[in-house]
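Colleague: Under the working numbering, the letters of the sequence shown match residues 1375 to 1554, in that order.
These aren't lab readings, by the way, just hints derived from the structure by calculation.
Incorrect hints may have been included.
Claimed, not checked - Taking lysine to any residue pairs in the SDA-like style, the calculated list, with each CA pair at most 20 Å apart, reads:
1. K1406 with T1434
2. K1406 with T1396
3. K1551 with T1434
4. K1406 with D1389
5. K1406 with A1489
6. K1406 with A1516
7. K1482 with E1424
8. K1482 with L1550
9. K1406 with R1442
10. K1541 with L1428
11. K1541 with D1553
To be verified - Using C-beta positions, here's what the derived DEER-type ranges look like:
12. A1489 with E1413: 15 to 21 Å
13. G1451 with E1417: 33 to 39 Å
14. P1515 with V1416: 28 to 34 Å
15. K1499 with P1537: 24 to 30 Å
Backbone N, C-alpha and C define an ideal beta-carbon position, used for all residues, glycine too.
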Amino acid sequence: MTATTGMADLTSSEDIRNIFITGLENAHALEKQAIQLMERQVERFENYPEMSDLLRRHITETEGQIRRLDEALHSFGADRSILKDMATQFMANLAAVGHMPMADEVLKNTFANHAFENFEIASYKSLIAMAEASGNQKFVPALQESLREEEKTAQAVYDLIVPITQKFLTRSAQGLKADR
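Whenever a hint applies, use it, and build me the whole structure from the sequences.
Modeller: Here you go:
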C-alpha cells in the first residue's frame, strides 16, 4: 500500500495499464460524441447566441482534448476505438434529434449540456486516478488541462441556466419563437 493513496502499488500491473488504455478510448469516444452534440445545437440555437458562442468555444477545446487523447493512445501503440466513436456519435445525433421537436428545446439542451459536462468531469477525474495508479503520471498534466476545460464549461453552462430560462419565458410570453 502506498502512503499517499492507500492503494497497493499497481504500476506494474498489465491489467491496470489496459484499464487505463480502455479509459482513454472511452474518453475519446465521449469527446467525439460531445462534438456531435454541440455541432447540432450550434446549428439550431438561433435566438440564444450566448449558448452558441459558448458551444463554439468548447468545440475548439474539445478538438484539443481529442488530440491529447490521441497522443496518449498512440504512446501505447493503441488507437481510438472506431466502433466506440461511431456508437457514441450515433447516440449523440439521436439525443440531439430527440430534443428538436420539443417546445422547450433550448431548455432541455441546456440541462443536457450541464449533465454531459459533469459526466466528462467525472471521466477525466477517473482517468487521472488511472494514470497515477498505472505509473503513467506523464499524462496527468494533459488530463488535468482537459479537466479544467470541462469544469470551466460546466460552470459556464450552469451560469446560463437562469438567463436562458428567463429569455425563453420572455420570448414565449411575447409570442416569439422561443424553442431555439
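Colleague: Confirm or reject each hint.
Modeller: Here is how each hint holds up against the structure:
no.: 1; hint: K1406 with T1434; in the structure: 12 Å, holds
no.: 2; hint: K1406 with T1396; in the structure: 15 Å, holds
no.: 3; hint: K1551 with T1434; in the structure: 29 Å, violated
no.: 4; hint: K1406 with D1389; in the structure: 26 Å, violated
no.: 5; hint: K1406 with A1489; in the structure: 16 Å, holds
no.: 6; hint: K1406 with A1516; in the structure: 17 Å, holds
no.: 7; hint: K1482 with E1424; in the structure: 16 Å, holds
no.: 8; hint: K1482 with L1550; in the structure: 18 Å, holds
no.: 9; hint: K1406 with R1442; in the structure: 13 Å, holds
no.: 10; hint: K1541 with L1428; in the structure: 16 Å, holds
no.: 11; hint: K1541 with D1553; in the structure: 10 Å, holds
no.: 12; hint: A1489 with E1413: 15 to 21 Å; in the structure: 18 Å, holds
no.: 13; hint: G1451 with E1417: 33 to 39 Å; in the structure: 37 Å, holds
no.: 14; hint: P1515 with V1416: 28 to 34 Å; in the structure: 29 Å, holds
no.: 15; hint: K1499 with P1537: 24 to 30 Å; in the structure: 28 Å, holds
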